[in-house]
Amino acid sequence: MKNQVIVIGLDAGDPWLLEKWMNEGHLQTFSQLREQGIYGRLNNTVEYCGHQEELTSTEALWPAFITGRRADKTGYWDIVKYYPHRYEISCELCDSGYDYETQPPFYALGDKYKVAVFDQPYANLSDRVNGVQILGWGGTYPYTPNASQPSTILPEIIQKYGKNPIIYNDNGIWWDKAYIEWEKQALKQSIAGRSAICRDLLRRDSWDLLLTNFNETHTGGHDLYAFSDPEHPLYEHLTKGNNDVDPLLETYKDIDRAIGEILTEAADNAYVLCFSPHGMGLNFSDLLSQTFLPELLYRYSFPGKVAIAPGQVGTTPPPVITKPIRNSWPGNIWTSLYEPNPIAKFFKTWTHKKFLQSSQHGLRSPYSAEAEATAMGWMPVMWFQPLWPQMKAFALPGFADGHIRINLKGRERDGIVTAEEYATVCDEISQMLYRLKDARTGKALVKKVIRTRRSATNNDPTLPDSDLVVLWHEQITDVVDSPDFGRIGPIPYFRAGSHWERGFLVAKGPGIAPNSELTTGEVVDLPPTILGLMGAPIPAHFDGKPLITASVSQIS
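If you use the UniProt record's numbering, the sequence shown corresponds to residues 1 to 556, in order.
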């Protein structure tokens, strides 16, 4: 007899927060699952040049979960695609860019198994799923189509339970009080709707597998983390010493209750798995990858020039910016550009955005029509795009690690660096990055610089677009010192939380010993684990192994 398997993801749900709040008695459902079954953390890796390295990127981890294969096997690394013959990128909001044809979803099991999939990020519809698939009802930019199979069920769900309030709308910033208040209520509405829809689906059929995701941990983690962690530089400013109601904790508590509600519709002998592929903590990566890194490469490529927020190494940095002048984060970064004329600087800081559309220092204004027509044109890294053909190396956009592309002759349209110079340039940039310091603490910022290619001429299509990947130390900063190229910052903080390389799995069901501990695991281990519990065959090409059968001897 097959056991029903219910798999509930928490997109960017953080194990450190989960463990803290379980121990404090806030999360009753999660605590019960842990007591009745197995719990442990997931730590993910990917292969670069034959070496396993840590992986944080949500863009790579969700497809790895769906396919059971790491990015170095699928060749899918990011939602962003770079085109060397045009020095351009593409990024589609309703499509991850991976078709799942060569590597199908692990839950595409054919007629023998009845499967319901609801709101899985980075997925596409598969005609090999026997059951229901609903994508794009909610989420923090889930990079899926807003579609379902059968096609009538998504409109039916929306008519019955309403549209999700968050999807494509969580674009605000921490200093916008009205946005934060809106988000608190939107998160509650989204969680309640998700609970109702999942219970509805469970009542419709006896599914062998229900796979769903609570994406609200992703939204709340990005926007509300500074209200929750006293270590965040903005915590005191935002809470004013009075944080009786922690909005991120409230989000986790609402999800905890919702999961309890969903499980009331589960079969008595069901296996229940809750997991997150990665976590969310202090945002140490956004400013470094999206602003400081492209500015450093600008200064490296154009010696003596500065653009964003030049400062003086050796001086005490001014206080953290808690009252940004402009309404948007890109607007505040744009008005920090070097301007020696104090009158012009004052004008640019305070004037309307319609007067700020011109390029500065070769950088494209985020207020320009060109930026609006460019994928991710708002992000500072993309302001440097017009200069990419003239630079030895430039940063590519991303939301976690730093990504660097070498402007290589014979590969890029206007390549500068020869194949013989490639290794030297990679070394120069790597050493420059290792010398970076947090200007406030003096601590090193770079954990590791990784080469993605064994040689300049390696054009394996499964390799990422970047030639160098920068892993940052998990420390938040707003001002950076380089002994080679001077100071950058301070600049305003962007999102409060960013992705951390830590996930979790908690599971219960027949044969799983209570209070068991999972000692090791990665997100690619989850598909074989799930299929094993379903009694379904496990493809030999999967990169992972079943975690529960390997960790719990009592399972039958």
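These are calculated hints, taken from the structure and not from any lab test.
Accuracy of the hints is not assured; some may be wrong.
Unchecked claim - Using 27 angstroms as the maximum straight-line C-alpha spacing, the simulated DSSO-like pairs for lysine-lysine come out as follows:
#1 177 / 188
#2 323 / 353
#3 20 / 240
#4 323 / 443
#5 253 / 177
#6 323 / 348
#7 305 / 437
#8 177 / 2
#9 348 / 305
#10 20 / 184
#11 177 / 305
#12 177 / 437
Said to hold, decoys possible - Pairwise CB distance ranges, derived in the manner of DEER restraints:
#13 75 / 442: 26 to 32 angstroms
#14 434 / 156: 52 to 58 angstroms
#15 541 / 156: 35 to 41 angstroms
#16 345 / 431: 47 to 53 angstroms
#17 344 / 147: 33 to 39 angstroms
#18 370 / 344: 18 to 24 angstroms
Beta carbons are placed, not taken as given, at the ideal position from N, Cα and C, and that holds for glycine.
Hint-by-hint comparison with the structure:
Restraint check for residue 177 and residue 188: the C-alpha separation of about 17 angstroms stays at or below 27 angstroms, so the hint holds. The suggested pairing of residue 323 with residue 353 holds, with an alpha-carbon distance near 18 angstroms, which does not exceed 27 angstroms. Distance restraint check for residue 20 and residue 240: the Cα-Cα separation of roughly 23 angstroms lies within the 27 angstroms cut-off, and the hinted pair is therefore satisfied. Only pairs whose Cα atoms come within 27 angstroms are accepted, and residue 323 paired with residue 443 is accepted, the gap being roughly 26 angstroms.
The suggested pairing of residue 253 with residue 177 holds, with an alpha-carbon distance near 22 angstroms, which does not exceed 27 angstroms. The straight-line distance between the Cα atoms of residue 323 and residue 348 is roughly 17 angstroms, inside the 27 angstroms bound, and the hint therefore holds. Distance hint between residue 305 and residue 437 is fulfilled; the C-alpha atoms sit about 20 angstroms from each other, no more than 27 angstroms. A threshold of 27 angstroms between alpha carbons decides the hint, and for residue 177 with residue 2 the separation of about 50 angstroms lies outside it, so the pair is violated.
Restraint check for residue 348 and residue 305: satisfied, since their Cα atoms lie roughly 20 angstroms apart, inside the 27 angstroms limit. For the proposed pair residue 20 and residue 184, the alpha carbon gap of about 21 angstroms is at most 27 angstroms, so the pair holds. Only pairs whose Cα atoms come within 27 angstroms are accepted, and residue 177 paired with residue 305 is rejected, the gap being roughly 37 angstroms. At most 27 angstroms may separate the alpha-carbon atoms for a hinted pair to count; residue 177 and residue 437 exceed this at roughly 32 angstroms.
The hinted range of 26 to 32 angstroms is not satisfied by residue 75 and residue 442, whose Cβ atoms lie roughly 40 angstroms apart. About 55 angstroms separates the C-beta atoms of residue 434 and residue 156, a value consistent with the hinted range of 52 to 58 angstroms. Taken as a hint, the range 35 to 41 angstroms holds for the pair residue 541 and residue 156, whose Cβ atoms sit roughly 36 angstroms apart. At roughly 34 angstroms, the beta-carbon separation of residue 345 and residue 431 lies outside the given 47 to 53 angstroms, and the hint is violated.
In this structure the supplied range 33 to 39 angstroms is violated for residue 344 paired with residue 147, their Cβ-Cβ distance being about 50 angstroms. Roughly 22 angstroms separates the CB atoms of residue 370 and residue 344, a value that falls within the hinted 18 to 24 angstroms.
Hint check: violations occur at hints 8, 11, 12, 13, 16, 17; the rest are consistent with the structure.
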